[in-house]
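Could you build all of it, start to finish, from the sequences and the hints given here?
So the protein sequences, as listed, match chains D and S. Sequential numbering from 0 applies to the first sequence in numbering that gives the first Met the number 0. Sequential numbering from 0 applies to the second sequence in numbering that gives the first Met the number 0.
Rather than coming from a laboratory, the hints here were simulated on the basis of the structure. These figures come from a predicted structure and were not determined experimentally. Be aware that a few hints might be false.
[Unchecked claim] Derived SDA-like pairs: lysine to any residue, alpha-carbon spacing no greater than 25 Å straight-line:
#, chain 1, residue 1, chain 2, residue 2
1, S, K204, D, G202
2, D, K204, S, A16
3, D, K44, S, G207
4, S, K44, D, N170
5, D, K204, D, K157
6, D, K44, S, A16
7, D, K44, D, M24
8, D, K204, S, M39
9, D, K44, S, T46
10, D, K132, D, G207
11, D, K113, S, G207
12, D, K204, S, G19
13, S, K113, S, E31
14, D, K132, D, M65
15, S, K113, D, T4
16, D, K157, D, N170
17, D, K44, S, L20
18, S, K204, D, L20
19, D, K44, S, S43
[To be verified] Below, a sample of chain S positions facing chain D; criterion: calculated Cβ distance under 7 Å:
#, residue
20, V2
21, D8
22, D10
23, G21
24, M24
25, S25
26, K27
27, I29
28, A30
29, M39
30, S43
31, G106
32, V107
33, V109
34, R110
Beta carbons: idealized from backbone N, C-alpha and C, even for Gly.
Number of protein chains: 2
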Amino acid sequence: MAVYTEVTDDDLAHLIAEYGLGELMSYKGIAEGVENTNYMVHTSKGTFILTLYERRVNTADLPYFMGLLEHLNKEGVSCPLPVRNRNGEVLTEISGRTAAIVTFLEGVWVRRPKTVHCHAVGRALAELHLAGKSFPMCRSNALGLAGWHDINERLGAKADEIAPGLATLINYELAYLDRAWPKTLPTGVIHADLFPDNVFFIGEKLSGLIDFYFACNDASAYDLAIALNAWCFETDCAFNATKARALVTGYQSLRPLTAAERLAFPVLARGAALRFLLTRALDWLHTDRNALVKPHDPIAYVRRLRFHQEVTSPGEYGLEPAA
Amino acid sequence: MAVYTEVTDDDLAHLIAEYGLGELMSYKGIAEGVENTNYMVHTSKGTFILTLYERRVNTADLPYFMGLLEHLNKEGVSCPLPVRNRNGEVLTEISGRTAAIVTFLEGVWVRRPKTVHCHAVGRALAELHLAGKSFPMCRSNALGLAGWHDINERLGAKADEIAPGLATLINYELAYLDRAWPKTLPTGVIHADLFPDNVFFIGEKLSGLIDFYFACNDASAYDLAIALNAWCFETDCAFNATKARALVTGYQSLRPLTAAERLAFPVLARGAALRFLLTRALDWLHTDRNALVKPHDPIAYVRRLRFHQEVTSPGEYGLEPAA
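Here's what the structure looks like:
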């Protein structure tokens, strides 16, 4: 939540000209984006977001992310559209950082999602998956099963500094997922981080999706399992079955799950909970207490994981067997 | 440079409705404002700034600041206009903070001001002083000569931690100003903080002034002396006589200084330099090293003060005696 890199008025005016975006009217550094620096830019041609990519982003991945946004826009998915400069490029450089300009998407993210929002998110996720089918580029999921093992090795016994017994829980779960993780489910482009702060609404109408910097190719139903973890638990970590039913119903209104996806869903939900538990645990241990960005509490995902471990059938998520 | 207080979507949508500003489209916390939290808000009726006043602002002063902005707008000065809610009030409450909504002013602040900008700033400052004449409210300058003594007492010998000999320099200067400070110059509303980041330009055209939270009633020419310190020294603290001449010429194109103001100008310039030296020194000593907001370097104002101490005539600032 910070502006890591300053941009001068002269440099930005020059950039805006290169992009054919008219005259620079104003720009403000915005307190969003944990990893990158973002400016909201008004020009005589409209409102845009300028993103400067900081250290944690691998710039080799940017063509995939930018290409995906262009593809999704072409397919009618509402998300930011990268602007091409006069050389036809979407990536540029400013203040010593790789940077991109995308169209600004109106909408607010919902702090307390209701059932109606969950339905809309499920539907938008299915729309994204369908539109992604024709996207030709491929990026493997660095935060899949192998990546989880890597993070666990980095955590080691230190996980217990967060909560006693956490290292044992993670090792138990990884051993289970090594055996149970499905390998033949339908795959495609997934968002992989569809949390409430990445979905915009105007009133109750979903206006678009943002932040595709974890997007990759993986099992589609796993993406739905991530969204279920993100949207269908209350702040006290209680599972909300009504919201889950709304989410999966919204999703299946456009893309019904296969029988294999439905059966695998409890395992996918466990994997999704473990994925965020692991990265949050790592951030928790590696963020100094005076950091600008407060790390998310990993315990919320310990609780989700424990819930999923007790689930005995996909029906508990609102996924009924096919008639 | 931070968002100190979070605002939820529900609370803001409710507030927007109370202000009759249509539908909430988006809002972003902006990384500006050292003392307060600011959000840029898009509604179906336009773009606005929502400010939440944090601890350092005395809310008893807000009616003066808000009334001044309304008055200046009425007089044709380009600055943010407070929006009144359905009860006719400009101040409200959100997230436990006193808050106000003002219209958004397009423009960027100029990181490297040129002579043309200095002329425009001088002119705009005179415009502000003329428009302020008919403003009925009054606020004394807490950062006048008496206030400087107060800050010096808080600094004490600690000033020497910033630079050896600084305490002596400050005491010498305060003793001089006690004798030389003019008491009968024309007074009126002054901005009192017209630094480059508070003046917006679109291209070379000045689009407006912002941040009136130091505004008060004091000697008009002192405000020009503050602007001279802020605009007419290079980053290496060298005085730029061309920019100074442009600033005072722009000012006098609308409001010629009286003979007394011109003669007093070198003293006013010393006082203005000392005022920022003192507050910066205090911030420097009281800001912990991990703070979100980096304090400004007081030494830049030591250098300005030393320059002004050597000045022997108002002509050095471009202020020629009347013909």
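Hints, one by one, checked against the model:
1. S:K204 <-> D:G202: Violated, at roughly 38 Å.
2. D:K204 <-> S:A16: Holds. K204 of chain D to A16 of chain S sits at ~18 Å (cutoff 25 Å).
3. D:K44 <-> S:G207: Roughly 21 Å separates the two Cα atoms, so the pair holds.
4. S:K44 <-> D:N170: 54 Å, violated
5. D:K204 <-> D:K157: This hinted pair is violated, its Cα atoms lying about 43 Å apart.
6. D:K44 <-> S:A16: 28 Å, violated
7. D:K44 <-> D:M24: Since the Cα atoms of K44 of chain D and M24 of chain D sit roughly 10 Å apart, the hinted pair holds (cutoff 25 Å).
8. D:K204 <-> S:M39: Status holds; Cα separation ~21 Å.
9. D:K44 <-> S:T46: Holds. K44 of chain D to T46 of chain S sits at ~15 Å (cutoff 25 Å).
10. D:K132 <-> D:G207: 19 Å, holds
11. D:K113 <-> S:G207: Cα-Cα ~42 Å, so violated.
12. D:K204 <-> S:G19: 21 Å, holds
13. S:K113 <-> S:E31: 23 Å, holds
14. D:K132 <-> D:M65: 16 Å, holds
15. S:K113 <-> D:T4: Roughly 24 Å between the alpha carbons, so the hint for K113 of chain S and T4 of chain D holds.
16. D:K157 <-> D:N170: 13 Å, holds
17. D:K44 <-> S:L20: 23 Å, holds
18. S:K204 <-> D:L20: Holds: K204 of chain S and L20 of chain D sit about 19 Å apart, inside 25 Å.
19. D:K44 <-> S:S43: Within the cut-off at roughly 18 Å; holds.
20. V2: 4 Å, holds
21. D8: 5 Å, holds
22. D10: Interface hint status for D10 of chain S: violated (9 Å vs cutoff 7 Å).
23. G21: Hint on G21 of chain S: violated, closest Cβ of chain D at ~11 Å, above 7 Å.
24. M24: Holds - the Cβ of M24 of chain S comes within 7 Å of chain D, reaching about 4 Å at its closest.
25. S25: 5 Å, holds
26. K27: Given a least distance of 4 Å, the restraint on K27 of chain S holds.
27. I29: 4 Å, holds
28. A30: 4 Å, holds
29. M39: 6 Å, holds
30. S43: Status violated, d = 9 Å.
31. G106: 6 Å, holds
32. V107: Holds: closest Cβ of chain D sits about 5 Å from V107 of chain S, inside 7 Å.
33. V109: Hint holds; V109 of chain S Cβ to chain D Cβ min 6 Å, cut 7 Å.
34. R110: 5 Å, holds
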